[in-house]
Structure formats: C-alpha cells, structure tokens
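One line per chain: the protein sequences are A and B, in this order.
When we follow the numbering used here, the leftmost residue of the first sequence carries the number 6, and every step to the right adds one.
When we follow the numbering used here, the leftmost residue of the second sequence carries the number 6, and every step to the right adds one.
Hints should not be assumed to be uniformly reliable.
Heads up, the list lumps identical chains together, so a pair's fine if it works in one copy or across two of them.
Stated by the list, open to error - Derived lysine-lysine pairs resembling DSS-like cross-links, with alpha carbons at most 27 Å apart: (1) Lys120 x Lys50; (2) Lys13 x Lys108; (3) Lys120 x Lys24; (4) Lys24 x Lys91; (5) Lys85 x Lys42; (6) Lys108 x Lys24; (7) Lys91 x Lys137; (8) Lys115 x Lys50; (9) Lys13 x Lys42.
Hint data in this document are derived by calculation from the structure and do not stem from the laboratory.
2 protein chains.
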Amino acid sequence: MQRIEFQKALYALQQEILKMGGLVEENIARSIDALAKQDLDLADKVFEVEEAIDRLEMQVEETCLRLIATQQPVAEDLRKISAAFKIITDLERMGDYSVDIAKVAKRIGKEPLIKPLIDLPRMALLAQKMVKNALDAYVSEDQELAASVGQADDEVDSLHNQVFRELLVLMMENPRTITQATYLLFVSRSLERIADHATNISERVIYLVSGQRIDLNV
Amino acid sequence: MQRIEFQKALYALQQEILKMGGLVEENIARSIDALAKQDLDLADKVFEVEEAIDRLEMQVEETCLRLIATQQPVAEDLRKISAAFKIITDLERMGDYSVDIAKVAKRIGKEPLIKPLIDLPRMALLAQKMVKNALDAYVSEDQELAASVGQADDEVDSLHNQVFRELLVLMMENPRTITQATYLLFVSRSLERIADHATNISERVIYLVSGQRIDLNV
Chain A
6 MQRIEFQKAL YALQQEILKM GGLVEENIAR SIDALAKQDL DLADKVFEVE
56 EAIDRLEMQV EETCLRLIAT QQPVAEDLRK ISAAFKIITD LERMGDYSVD
106 IAKVAKRIGK EPLIKPLIDL PRMALLAQKM VKNALDAYVS EDQELAASVG
156 QADDEVDSLH NQVFRELLVL MMENPRTITQ ATYLLFVSRS LERIADHATN
206 ISERVIYLVS GQRIDLNV
Chain B
6 MQRIEFQKAL YALQQEILKM GGLVEENIAR SIDALAKQDL DLADKVFEVE
56 EAIDRLEMQV EETCLRLIAT QQPVAEDLRK ISAAFKIITD LERMGDYSVD
106 IAKVAKRIGK EPLIKPLIDL PRMALLAQKM VKNALDAYVS EDQELAASVG
156 QADDEVDSLH NQVFRELLVL MMENPRTITQ ATYLLFVSRS LERIADHATN
206 ISERVIYLVS GQRIDLNV
C-alpha cells in the first residue's frame with residue numbers, strides 16, 4: 006500500500022515537472038518570437054510566465070521535501086527525487102535565459118534589425134526540442150532518448166559558432182551595427198546555454214537509469 | 006545519540022561544501038589572473054581545478070543522499086540538506102563560468118590587450134568575496150551576512166554595465182578591437198553571473214533561516 010502511495014506521489018511530482026518544462030519550452034519560443042517579430046507585448050508575456058515558472062519550481066521543491074519526509078524513500082526512489090530536485094534547477098535557469106532574451110527584445114525595441122533572424126530561431130527550436138526530449142527521457146527513463154539530446158547539443162553549438170562569426174564580420178564591416186550585434190551575441194549564447202542545461206538533464210537521466218556519470222557536453 | 010551522529014555528519018557535509026567553495030573562489034581569481042596577466046599555464050590550471058570541483062560536487066551530492074537515506078531527517082534538518090543540494094549546483098555553475106573566462110584567456114593568448122584590465126579584476130574580487138560570505142552565512146546561518154551579499158551584487162551589476170558601455174565605445178572607435186572586446190564582454194557577463202549565483206546561495210540561506218523566499222537579485 007505505501008508503495009502504491011509513493012508511486013502515485015512520484016507520478017504527481019513528474020506531472021508538475023512536465024508542466025514546468027512545458028512553460029519553459031513555451032517561454033523559449035516566445036522570447037525568440039518576441040525578438041524576431043519585434044513584438045514587445047510578447048516580451049512582457051515572457052516576464053509574466055517566468056513568475057509562474059519560479060512558483061512551480063518552489064512548489065516542486067516542497068513536494069520533493071514532503072515526499073522525502075513522509076515516505077522516507079531509499080535507493081532508487083530517493084535517486085528519482087534527487088534527480089527531480091536537480092532537474093528543476095536546470096529548468097529554472099533556462100527560464101532565466103528566456104528572460105534575458107526577452108530583455109534584449111525590449112532593448113532593441115522597434116529599431117530595424119541588422120540582419121534577418123534565421124539561425125537564432127532555429128537554435129531556439131532545437132533547444133525547445135531538447136528540453137522536451139530530456140524531460141520525456143526522465144519520465145520514461147529512456148537512456149537512448151537522453152543520449153540523443155547530447156547530439157542535438159552539438160548542432161546548437163555549431164550554430165552558435167556560426168552566428169558568432171557572422172555577427173563579428175557584420176560589426177567589423179559596419180560599426181553602426183555594434184550595439185545590436187552584441188545583444189544578438191548574447192541571445193545566441195543564451196540559447197547555447199539553454200541547450201547545455203537540457204544536456205545536463207539528460208546526463209542526470211542517464212545517471213539515474215544506469216548509475217553512470219557521463220559528460221555529453223563535450 | 007542519533008542526533009549527535011546527525012550533527013557530526015552535517016558538520017562534515019558543510020566542510021565538504023566549504024572546501025568546494027574554496028576551490029571555486031580560487032578558480033575565479035585564477036581565471037581572471039590568467040586573463041589579466043596573459044598567463045596561459047594558469048588558464049590550464051583552471052581547467053584542472055574545475056575537474057576537482059566537479060568531483061566534489063558529486064561527492065557532496067552522494068553525502069546528502071546517504072544522509073537522507075540513513076538518518077531520515079525531517080523538518081529543519083531536511084531543509085539544511087536540501088539547501089546543501091542546491092548550493093552545490095550554484096557553486097558548480099560558478100566553476101563553469103571560471104572555465105569560460107579561462108577559455109577567453111586562451112583565445113586571446115599573447116595578443117596585446119585592447120585595454121588594461123582594471124574593472125574586471127575588481128568584479129572578480131567582489132564576486133569571490135560574495136561566494137565566501139554566502140557560504141559563511143550558510144554555515145553560521147547568519148541572515149544579515151546573507152543579505153549583505155545582495156548589496157555586493159548591486160555593485161557588481163553596476164561595474165558590469167560600466168564595462169559593457171566602455172567596450173562598446175572602444176569597438177565603435179576602433180573596429181580592430183571588436184573580436185577581443187566581445188570576448189571581454191563575455192567575461193564581464195560571466196562575472197556578473199557568478200555574483201548572481203552567490204546571491205542565489207544567500208537567498209537560500211535566508212529561506213533556510215527565516216522560511217522567507219526573498220529576491221535579492223533585483
């Protein structure tokens with residue numbers, strides 16, 4: 006009976022994490038949309054959703070602690086909860102990076118973009134998918150899916166390097182682009198970091214399932 | 006008796022965290038030193054120490070889990086361990102940022118610096134002190150000390166804004182400085198982020214001591 010209770014509680018915990026992950030995914034997409042479409046209301050919406058993400062993080066944290074205190078799980082069950090505890094930290098950081106991107110959208114405002122944004126939205130799409138897959142891998146304890154997140158990370162890294170080089174060239178050719186270009190550099194970096202955090206989650210899933218500490222982030 | 010056992014174990018846990026924090030502090034200083042003095046061997050040392058930091062993180066994590074499993078702490082004791090669990094994540098991130106700074110030192114290599122580095126080392130010194138105070142506040146459960154970390158964060162933020170503006174001006178005046186200036190922008194951002202993570206730790210200490218969730222990072 007207690008076992009069934011615990012399984013139910015764990016299921017509820019995972020649903021909370023998926024909900025948090027859903028909001029984070031949405032906010033990544035929203036922040037890049039706000040930037041690419043220069044939609045400042047959408048940027049404000051990012052700040053709003055961020056508050057909901059932060060509240061969910063605290064809620065999941067309390068749930069973890071309550072579960073540990075009341076159910077006193079050991080071994081695998083305890084590892085699952087400690088994974089949850091770490092995963093929400095990664096999700097919350099991704100949320101912060103989306104806020105950074107939305108802040109850039111607000112700063113650039115309505116001034117003409119120095120280049121059409123193509124690679125940044127692609128990076129954002131990849132990053133979103135990484136978050137989704139990493140969380141699906143956590144819930145289903147799917148090691149292969151977790152490993153695939155590491156592969157997507159390589160793609161994001163190479164897009165980041167490409168964007169970085171392009172923006173440097175643009176700045177050198179036309180110093181008037183410098184301020185905006187540095188903002189876009191930060192956006193690219195934020196997306197690259199979001200992808201890193203998704204990779205962290207995958208590594209944790211692999212640790213949870215196999216006991217192996219691996220580094221997908223190389 | 007069990008209570009004394011737990012207190013001993015908690016003390017050992019805190020010592021491990023302080024050791025990890027010490028390495029993180031050192032590595033912040035080392036990375037900025039490597040950059041300012043263009044000492045590439047010192048930059049390599051940062052990568053080496055980072056590995057030790059990562060190992061310590063895992064060790065503390067295992068200690069937390071073992072403590073929870075064997076001592077089954079509740080209430081305040083459980084909160085202390087969960088704080089430890091989160092604090093080491095912040096420390097590990099700070100370690101990552103030091104590595105980022107060391108990578109910039111390697112990239113810039115021996116090419117002449119575009120400006121003498123004054124504010125960046127000042128930011129690094131402030132950030133180090135914030136890490137130290139945040140961890141001291143954790144161990145001694147000193148709410149006032151924790152709050153002071155938030156004040157230092159404002160100072161780091163304002164230095165970051167200043168560095169940002171200076172570097173933009175430099176790039177506009179002389180496009181040949183652009184590549185290095187963007188690297189230095191990232192360093193400034195990394196230091197600002199290290200300070201944010203120290204602030205996170207302080208907020209967690211305040212939560213631990215008072216039960217209040219506050220946002221020092223505004």
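Cross-check of the supplied hints:
| no. | hint | in the structure |
| --- | --- | --- |
| 1 | Lys120 x Lys50 | within (24 Å within a copy, 40 Å between copies) |
| 2 | Lys13 x Lys108 | neither (40 Å within a copy, 46 Å between copies) |
| 3 | Lys120 x Lys24 | neither (35 Å within a copy, 47 Å between copies) |
| 4 | Lys24 x Lys91 | both (16 Å within a copy, 21 Å between copies) |
| 5 | Lys85 x Lys42 | neither (40 Å within a copy, 45 Å between copies) |
| 6 | Lys108 x Lys24 | within (24 Å within a copy, 36 Å between copies) |
| 7 | Lys91 x Lys137 | both (16 Å within a copy, 23 Å between copies) |
| 8 | Lys115 x Lys50 | within (17 Å within a copy, 45 Å between copies) |
| 9 | Lys13 x Lys42 | neither (43 Å within a copy, 57 Å between copies) |
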